[in-house]
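Enquirer: What follows is the residue order along each chain.
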Amino acid sequence: MRRFSTAELGRYLLTGQLNRRGCLHTRPPRVLAIAAISQITPSRTFTSQVETSTTSTSTSIPPNSIPLRKQLKDEAKALKASGKKKKKKADNQTVPGWELTVGIEIHAQLNTARKLFSPAATSFNDKPNSHVALFDVAMPGSQPLFQPETLIPAVRAALALECEIQPVSRFDRKHYFHWDQPSGYQITQYYHPFARDGRIVLGARDGIAPEDGDRVEIGIKQVQMEQDTAKTTAQPGDVHWLDFNRVGLPLVEIITLPQIHHPATAAALVRKVQMLLAAVDACVLGMEAGGLRADVNVSVRRTADGDTAPLGTRTEIKNLSSFKAVEDAIIAERDRQIAVLEAGGVVEGETRGWSLGSTETRRLRGKEGEVDYRYMPDPDLGPVVIGEDLVGHLASSLGVLPDAEIDELVGTCGLSPKDALSLMTLDDGARVEYFYNVLDALEDRLGLASDAESDHRDALLAANWCLHELGKLTELSSDLGMTPDGECGVPSADLAAILSHLHRREITAKVAKDLLWGVFRREITAGGVTQTIDAGNLWFKELSEQEYEELADEVVAGEDKVLAEFLRFKQGKAKAFPQGKLMFLVGKMMRAGTEQRMDPASAERVLRARLENVYLPEAEAR
Amino acid sequence: MLAQGRPRGLRLRYGCSSTGQQRRLLNHFISKAPEPEPTQPPPPPPSPTPTRFTLAVKDNIATTSHPTTCASAFLTTHRSPFEATIVTQLRARGARLVGKTNLDEFGMGSHSVHSAAGAVSQSQNEPISSGGSSGGSAVAVAAGEADLALGTDTGGSVRLPAAYCGVVGFKPSYGMLSRFGVVPYANSLDTVGLLARGVGMIRGLVVGGATKKGLWGEGDPRDPTSLSEGARGRCVAGREGYGGVIDGGEREGREVLRGVRFGIPLEYNIEELDPGIRNAWAKAANTLQHEFGARVVPVSLPSTRHALAAYYVIAPAEASSNLAKYDGVRYGTRDSDAASDAAGGVLYAASRGKGFGDEVKRRILLGSYTLSSEAMDNYFIKAQRVRRLVRKDFNRVFALDNPLHERETFDLTDLDESIEMEDKWGPEEVDFLLCPTAPTLAPKLADVMKQTPLDAYMNDVFTVPASLAGLPAISIPMPVASEAAGDVAGKSGAAGLQLIGQYWDDARLLAVADAVMNTLQSVTPR
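From first to last, the protein sequence lines are chains A and W. What the first sequence shows, in the working numbering, is residues 1 to 622, in sequence order. What the second sequence shows, in the working numbering, is residues 1 to 526, in sequence order.
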């Protein structure tokens with residue numbers, strides 16, 4: 001199931017252009033109805049055809065991120081330095097006698113072609129300062145120009161969070177001085193955000209704390225649009241380089257109610273927000289790539305005081321850039337606050353920081369140092385009026401949300417919830433698109449109607465290969481090069497070809513795996529799977545029934561002891577069928593015969609029949 | 001073009017200029033390098049070749065040919081990479097730029113004295129205030145060095161200097177002329193204004209004629225507050241005079257003025273009003289009524305007394321925000337002694353302390369305070385309410401509706417008792433308001449220096465209401481009897497008479513102002 005990209009939707013909604021080969025209305029929100037949809041031209045291609053000069057280059061280049069090895073090393077170092085042994089996180093969700101309360105603010109970069117208030121292109125790793133409009137650097141006399149297409153991913157994000165879209169919202173200036181903020185203020189939506197009163201439902205499979213039970217619902221207070229700041233790169237010798245490509249990129253800030261009470265649930269919420277935003281194509285980069293940042297507000301109170309007692313003084317921990325950091329920082333801050341209170345102290349309302357791998361939060365600034373942001377309505381910008389028709393259209397074209405999709409994957413493909421979730425989250429949501437592409441092509445080859453009532457053995461096969469076999473390819477080094485519309489170094493058509501032969505038992509699993517490697521290493525050209533099987537004579541030419549029987553006879557000969565075991569079972573002297581012994585004999589058969597021409601299942605079937613029909617009666621007779 | 005005249009930046013006050021004694025005394029230009037006359041006429045535009053005229057541009061409007069300093073030490077070397085829309089529009093109509101004029105830093109001031117380039121004087125004999133903040137532009141026009149000058153009017157910055165210097169200063173409806181390229185002081189109030197020696201030139205440019213398109217019809221997609229073409233069409237629907245000025249076929253002034261209803265706002269007759277100006281104002285009203293067939297009626301604008309206070313809350317608040325970008329990182333000189341932005345945070349404070357002049361600092365502090373979380377509700381929010389009341393006052397007295405707002409109903413109880421009711425619905429409605437531009441004549445610079453900042457703010461009392469409501473207003477020279485003007489040595493008694501019209505009634509306002517100016521000059525020869 002493909003989702004429509006924001007670029008394509010934007011063009012349709014704002015300029016009335018749409019790729020006519022598909023239609024936003026025709027697709028019923030069903031997971032497995034793939035054949036009808038897959039004919040739509042990939043939207044990214046469409047985009048590049050239309051506006052070559054201005055499209056975002058965001059999708060083609062993998063973003064920079066901290067190498068995992070360095071991250072792990074730093075963590076280990078910090079842990080060693082602290083001299084503490086880490087408590088297992090799963091055992092650290094609650095502290096007896098205390099209740100933790102957490103609210104989260106999540107900033108996510110929106111998936112748009114242009115900046116929020118200038119027509120400069122969005123980019124992530126382009127040459128520094130190559131996409132900068134006059135307004136982005138606050139050139140005197142320049143003015144903001146709101147780009148309406150930024151509303152599309154923003155509204156989709158808010159709809160995915162079940163928010164009420166406000167018909168009128170406004171932009172405000174938030175003032176503070178920093179070199180990464182050229183105008184001395186950030187334009188945000190403080191007084192009148194564009195979306196309010198949403199919610200997010202987290203289930204056990206999302207990884208919430210066991211203490212929260214099966215399901216927990218967290219309210220979303222509001223969602224607002226705002227500008228990103230410039231990127232600072234520190235250079236040796238107290239020099240900072242600024243890249244204004246990032247300044248003015250559109251962000252959404254999602255503010256939850258303080259309804260989270262366990263650290264793992266907080267991390268699960270952030271993870272789920274990322275999944276939801278990716279699912280509706282509202283944001284481009286995940287948290288690890290810097291596309292998502294979270295601030296958490298933490299407070300504690302004694303459970304003895306009851307539910308009606310006011311919340312404790314809260315502190316804010318800013319700029320957490322991984323799910324793990326969210327959970328670890330909350331645990332550390334909770335423990336710090338409890339320690340302060342138990343020692344008879346008072347928690348100060350302050351802003352704190354967290355560095356990767358540390359065990360304690362650190363003070364950034366206290367209340368007396370708090371900035372008064374002097375929020376003021378931006379006098380250059382009019383109100384944003386969002387029509388009901390736009391909201392209605394975006395809601396109806398939102399597609400299936402991840403929870404429903406996981407339910408479908410579990411229900412109809414027979415995947416485990418864990419595998420379904422993995423499939424959904426891998427490659428920023430592109431892996432599942434790849435799965436649908438493969439399944440589509442596979443069902444085409446097998447001549448199955450996608451909506452036919454079948455056992456969906458083929459779907460399970462495709463899912464397992466897309467998850468596990470494909471995963472093995474990249475265990476060592478290289479990248480699959482997965483694109484957002486679900487294509488990668490292993491073309492979906494070729495994987496489908498391999499799987500169709502495997503499904504029909506025309507090749508063995510071992511041959512199938514070898515073929516997959518061949519395609520991945522480009523030893524097999526695209527579309528050349530069947531040819532390769534022909535050329536290498538890899539077809540599975542199974543032994544005849546008679547040949548299997550001969551092999552069976554060969555391996556059973558001299559195994560009287562083993563035969564005795566089967567006899568004991570047959571005569572009711574043993575409770576369990578000696579399956580292990582049977583498989584031992586199957587293994588012997590496989591080694592004795594030509595493995596390429598044998599199917600273990602067939603070997604087992606023939607052997608079993610031989611035992612029951614020939615050897616056991618013989619032995620009994622003896 | 002640039003090679004010919006070395007941009008003189010802000011060194012003018014040290015006398016290193018080569019352009020002569022007189023100009024140095026007036027100090028009305030910050031950079032003056034006239035563009036050469038084109039040897040060949042520019043490629044023929046679709047319309048016939050425009051008439052050429054000289055143009056002086058206030059130095060807070062971006063041009064690529066000259067630096068754009070805003071009379072601030074922060075921007076002494078700032079060369080804008082782009083040109084303001086209004087400059088481009090005027091070039092297309094035949095303008096030749098002669099220089100960038102002096103002003104109060106970022107447009108903040110009423111006498112053009114708060115300038116990093118030094119104070120402006122309108123007289124060579126004695127330093128006399130040229131008004132502000134577009135003082136340099138007014139002096140350039142008065143001295144004949146430019147046919148037209150661009151100013152910016154936030155609370156009267158075009159009308160006040162026009163009144164002091166005896167020229168015409170026009171502030172259009174908010175949203176009519178593009179602000180793209182105008183360095184903002186208070187965005188919700190800022191307008192581009194035009195100064196000239198007569199109304200005709202301004203009228204020709206704004207309204208257009210048979211052959212040239214008027215500026216009123218050109219929206220600018222780069223300025224989000226510039227009205228779209230569609231909105232312009234709706235605004236003009238209920239208005240007269242946008243058909244263009246018919247050259248040579250002008251109606252007789254008497255004919256234009258007959259039956260026009262002028263309102264005299266009673267609240268403008270303040271104690272501080274110079275008696276000479278009060279007399280001239282009354283005399284002008286009398287002449288219009290008795291000799292030219294106009295109707296003059298008293299009207300009440302009860303919110304006027306709060307308007308000035310509201311202006312000095314809103315404008316500095318927006319200014320404090322707009323000027324946050326000048327922090328020494330991209331503009332101005334960074335104070336290298338100061339440490340980093342980290343704990344203690346003095347990097348920006350030191351640079352800003354050195355870069356801004358006193359008046360700008362005063363307004364930034366004022367604005368920062370009124371926007372702070374503890375003062376916001378009591379100042380900024382209240383001032384916005386007053387602004388609404390001011391607009392409502394105007395909508396009540398004007399016969400025309402404001403196309404930007406729904407028709408409102410008005411409570412008559414807060415009207416001044418002396419206002420006569422026309423019928424049970426209320427007093428007579430008017431076409432224009434007629435009032436002085438400033439309460440006093442141009443003061444000597446020496447006296448200005450002795451004033452407290454609050455005294456200077458008082459000068460804006462008659463100009464600020466139209467700015468708050470976004471209405472078109474024009475100041476035309478009004479002769480003042482010589483005995484009243486006697487204390488201003490060496491200057492004929494010129495004051496300004498201000499006409500204020502309903503929103504987007506600019507075309508009729510200019511036509512009537514033209515007729516009124518002719519009337520005043522014919523009746524009261526200097």
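Hints are computed from structural coordinates only; laboratory data are not their basis. Glycine included, every Cβ here is placed at the ideal spot set by N, Cα and C. Hints may be right or wrong, so weigh each one.
DSS-like cross-link-like pairs, simulated, lysine-lysine; straight-line CA separation at most 27 Å [to be verified]:
1) W:Lys424 with A:Lys174
2) A:Lys231 with W:Lys325
3) W:Lys325 with A:Lys318
4) A:Lys581 with A:Lys510
5) W:Lys382 with A:Lys174
Residues on chain A that point at chain W, a partial pick, calculated with CB under 7 Å [to be verified]:
6) Ala138
7) Pro140
8) Gln143
9) Gln147
10) Arg173
11) His175
12) Trp179
13) Tyr185
14) Asp372
15) Arg374
16) Met376
17) Asp380
18) Pro383
Enquirer: Each hint: holds or not?
Expert: Against the structure, the hints:
1. W:Lys424 with A:Lys174: 49 Å, violated
2. A:Lys231 with W:Lys325: 17 Å, holds
3. W:Lys325 with A:Lys318: 25 Å, holds
4. A:Lys581 with A:Lys510: 24 Å, holds
5. W:Lys382 with A:Lys174: 20 Å, holds
6. Ala138: 4 Å, holds
7. Pro140: Hint holds; Pro140 of chain A Cβ to chain W Cβ min 4 Å, cut 7 Å.
8. Gln143: The hint holds - Gln143 of chain A has a Cβ within 7 Å of chain W, the shortest such distance being about 6 Å.
9. Gln147: 11 Å, violated
10. Arg173: Status holds, d = 5 Å.
11. His175: At 6 Å from the nearest chain W Cβ, His175 of chain A passes the 7 Å test, so the hint holds.
12. Trp179: 5 Å, holds
13. Tyr185: 6 Å, holds
14. Asp372: Result: holds, 5 Å to nearest chain W Cβ.
15. Arg374: Cβ of Arg374 of chain A sits 4 Å from chain W, so the hint holds.
16. Met376: It holds, given that the least Cβ distance between Met376 of chain A and chain W is near 5 Å, below 7 Å.
17. Asp380: 5 Å, holds
18. Pro383: Violated. Min distance 12 Å.
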